[in-house]
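Residue numbers (the working numbering), protein chains in the order written: chain A, 1260 to 1555; chain B, 1260 to 1555; chain C, 1260 to 1555; chain D, 1260 to 1555.
Bear in mind the hints are in silico, worked out from the structure with no lab data behind them. Hints should not be assumed to be uniformly reliable.
A pair holds if it fits inside one copy or across any two, identical chains being indistinguishable in the list.
Claimed, not checked - Here are the computed lysine-lysine pairs in the DSBU-like style, where the Cα-Cα straight-line distance is at most 35 angstroms: (1) Lys-1314 to Lys-1459; (2) Lys-1331 to Lys-1459; (3) Lys-1337 to Lys-1459; (4) Lys-1337 to Lys-1505; (5) Lys-1505 to Lys-1459.
Number of protein chains: 4
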Amino acid sequence: MHIGFLGLGNMGAPMARNLLKAGHSLTVFDPFTQAVAALVEAGASAAASPTAVAKAGVEVIVTMLPTAAHVKQVYLGKDGLLAHVGQGVLLIDSSTIDPLSAREVATLATAQGNPMLDAPVSGGTGGAAAGTLTFMVGGSVSVFDQALPILSAMGKNVVHCGSAGNGQVAKIANNMLLGISMVGVAEAMALGVALGMDAKVLAGIINTSSGRCWSSEVYNPFPGVLDNVPAARGYSGGFGSDLMLKDLGLATDAARHARQPVPLGATAQQLYQTFSLQGHGGLDFSAIINLFRREA
Amino acid sequence: MHIGFLGLGNMGAPMARNLLKAGHSLTVFDPFTQAVAALVEAGASAAASPTAVAKAGVEVIVTMLPTAAHVKQVYLGKDGLLAHVGQGVLLIDSSTIDPLSAREVATLATAQGNPMLDAPVSGGTGGAAAGTLTFMVGGSVSVFDQALPILSAMGKNVVHCGSAGNGQVAKIANNMLLGISMVGVAEAMALGVALGMDAKVLAGIINTSSGRCWSSEVYNPFPGVLDNVPAARGYSGGFGSDLMLKDLGLATDAARHARQPVPLGATAQQLYQTFSLQGHGGLDFSAIINLFRREA
Amino acid sequence: MHIGFLGLGNMGAPMARNLLKAGHSLTVFDPFTQAVAALVEAGASAAASPTAVAKAGVEVIVTMLPTAAHVKQVYLGKDGLLAHVGQGVLLIDSSTIDPLSAREVATLATAQGNPMLDAPVSGGTGGAAAGTLTFMVGGSVSVFDQALPILSAMGKNVVHCGSAGNGQVAKIANNMLLGISMVGVAEAMALGVALGMDAKVLAGIINTSSGRCWSSEVYNPFPGVLDNVPAARGYSGGFGSDLMLKDLGLATDAARHARQPVPLGATAQQLYQTFSLQGHGGLDFSAIINLFRREA
Amino acid sequence: MHIGFLGLGNMGAPMARNLLKAGHSLTVFDPFTQAVAALVEAGASAAASPTAVAKAGVEVIVTMLPTAAHVKQVYLGKDGLLAHVGQGVLLIDSSTIDPLSAREVATLATAQGNPMLDAPVSGGTGGAAAGTLTFMVGGSVSVFDQALPILSAMGKNVVHCGSAGNGQVAKIANNMLLGISMVGVAEAMALGVALGMDAKVLAGIINTSSGRCWSSEVYNPFPGVLDNVPAARGYSGGFGSDLMLKDLGLATDAARHARQPVPLGATAQQLYQTFSLQGHGGLDFSAIINLFRREA
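Isolated chain A, as found in the complex:
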């Protein structure tokens, strides 16, 4: 198929490469020309603007952008996709944005005859490169079925979450819980060790008890408990604290609009905000444990 791809950052570039590898023809755009050049070298065609992608005769367009403001500009702006794309072209937005914005764009797209899905991902840059991302997809079943082969070229796990915007809902609900769990594990591990326990023994007990969770078992933030996690390498790599801060912001903002209390989500957001202000937003999100440990 002929696919348009906008947004060739840390996530978008490897995703686009996997579409090329699967045999699709790609027309790509990114304001950062070096990112475009790299994809062209891999076999893609370059487009000079979103409008140019829309007019390139593509059957599908995938977008991977940093914020809702970017998504609105790319889709709804004067020179944006909706103003220039042909009827029937399938639109897939894999950006992580708030559900309200996702629904607003999808409603406008659908109204003018373009089926649209929100399809945010989890799995990080590693999963993007390996083609093992999880896609959480919102939109109608028939459009989901239509998109499945394309998404499967970039991910291993493609889950239908319900109607438009629900991909975003699933993403922010899960990631809010992830942020809460990670802070909770950090507090519990730091407390237990401060009270005299060995970190590995404590993690072992938690992991076989009612406190067990992904953050404790797979991604424990206490140094020395697990190998091959960011805690074992000075919290480099992984999922950045500022990205967790962004997702907690999306979740608490959506909660505000829905008038839903999320007291632990809001407190976790404030902790990552504090951590970021102290200059540590670039560290992996498990480094939040440093808020609870005396300087070594």
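Starting from the known structure of chain A, fit chains B, C and D onto it as the hints suggest.
Same frame as chain A, but now just chains B, C and D:
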């Protein structure tokens, strides 16, 4: 062996019965005489006071009491165990109390020649009846080895957590994380559903993603997601909200003494405190989700 | 002067009446026609749309709208003020909205030759009726000076807070602190009384000590401490809990965009969110103390 | 009168000096012998132990100790005051401790014929030296009247707060609110300035609006707003962050025992705990604003 047992409440009574079933001889005390009578009918001998238990020629004494104040009274009071028990008798306190109090009693016991362990449990009244409790044990390795056969008669999983008090540390660290996770799952599920997702679909995504945890997988608080959990039966049974409140209080209090920040633990404590004040302390602790859902 | 006025709700209507009383000529618009009719009876002219107000030959336009979305629609929409208003007409937005939106609108207005101020108010419907509002004004000094006579017809206290958007900043910073103080007073009063103190004695001590604040001295939430406050009349009247919730939402949202931690502000927001979900959003904001008191 | 005085620290020493200045005869004890020597030089007699003070023929004993554990030891220990003091001697404890401990000691003292008051102070070391402390006093009216002349020699403001323990209740309720207010002011000032406002202008608006409070008007934490406050001298002097942390700990602990929610109090406690862990516990408590400001 001849074992003394003090504290025949919802947990202590079935634990004592399992010791009888394992062939041990029991001398029991509880201020509530009906609780004593029931155990006597099952084969135990009654004692009229802690002093009487201490003087009954027992080799081991197990205590299962509601608070640190009770533990201090029973062990350290004028008529308490330490004042009257023979040298060498093994003391095992299975109450859930703060680590500082546990260490204070253990230090005094050890100093006068009575080996002592703190051995709080998890598993609830069901685990107590079935003999499948988990024991988290603090004390020296040799005393742990000595106690293992006795504890194994009451539980399935007996874990050595390090020196005196560390059983309590493991218990409160795990349960603080449990309380945080449960509130986190409650917030995430209520938010996702309020934003338009189906509860089962959302739980399915969380349980295969980075948000997964015991509270979501095994004990999901949203009604209709799982069968055979308190959420499926109006939040009756299970682990009461007021018991979670007690454990969160022990954890935040220990954190205060250790000068360790536990912001999510403290917020979770306040939420259970609010829930209790509103009259719901008797409901299972997963009912905390009702703080985040509009009255049905 | 000939002044346009858009937004004739609980606040806007009495503000417009005070402009009429001061001798100004008014052209008004509100989608709710009864609100317009009432002002027409008082001497104003009716306009059928924002466009009509813009084209009515007014020298000044004042807007008093519920949300940033309304402000953007009224100013920036196709049929909005900026598209139709003559150059040089002074624009004053008295809505309480987020500073970013206020700055966005002011920048566009200024760029096309319309001086603009953000001028949110405090003082409630009582102050609006009595003409004793406080205006917190953002914009250049010269525009502020130009607007002073008009604002003075509606308020007693008109404060210049700096450049565009700073009126909103002052409003949300003050109201976030107000929300925090009110919850703090509620917690302290409820705790003191639960521990055995007389509410009036406690308030007296606080009001002569370092805990004193407007929420304690002037607006104490504990029933029986002050007369003539909402706490003395079942929390009716006053400043609604849902309005405090809105302002706390604006503050935490602005904090999120500025990456500023506001942990108490965020917690206060969650408490008002919980209170609103429980169905009490219509009560005065001092009723939040009911979250901390056992049902009478 | 002949007065015993125990606890000659930063607060106790100047308080004892004021009693000497008022013409009273003093017998003093402190484990730190240099502190005793300094008072002896000022005219007091030294005692070698609490027992010695109790047996020195004093009519009144005043204690000023750091924690409830010290108070219990000094009053209730084997060599403590209650075991050796003559009937009728008036006991005044000016330590800041939890109300439950205060009531426990007062009940035992009263039962053996020693009238007792809890009389914690506010006003800091400056007020202690100047004799301008505020005393918040719990106990019966007649005992309060009896103690008034003695307390008036050390303070300017002596307030009867109700029965035994209520002095402590008033102190911790006020100081919890103080801690909340200070953090609230810090958040609001930091947010407003981050959003573009001048700190002095913002403080001026808050101080004439509903956000005004002691922490903003008298003790503003933002540097440059006020002279002669800790913020103007690098947060040296004043009321230490670790002392605020202690008082917030007493308040949340009392709330836990009373089953009262104090969500902002608990969050404020966690923030001071974090600040202390980061090594800043010795700075004035208004320095908490540094948690919310980017490193200069």
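Mind listing which of the numbered hints don't hold for this structure, in increasing order?
-> 1, 3
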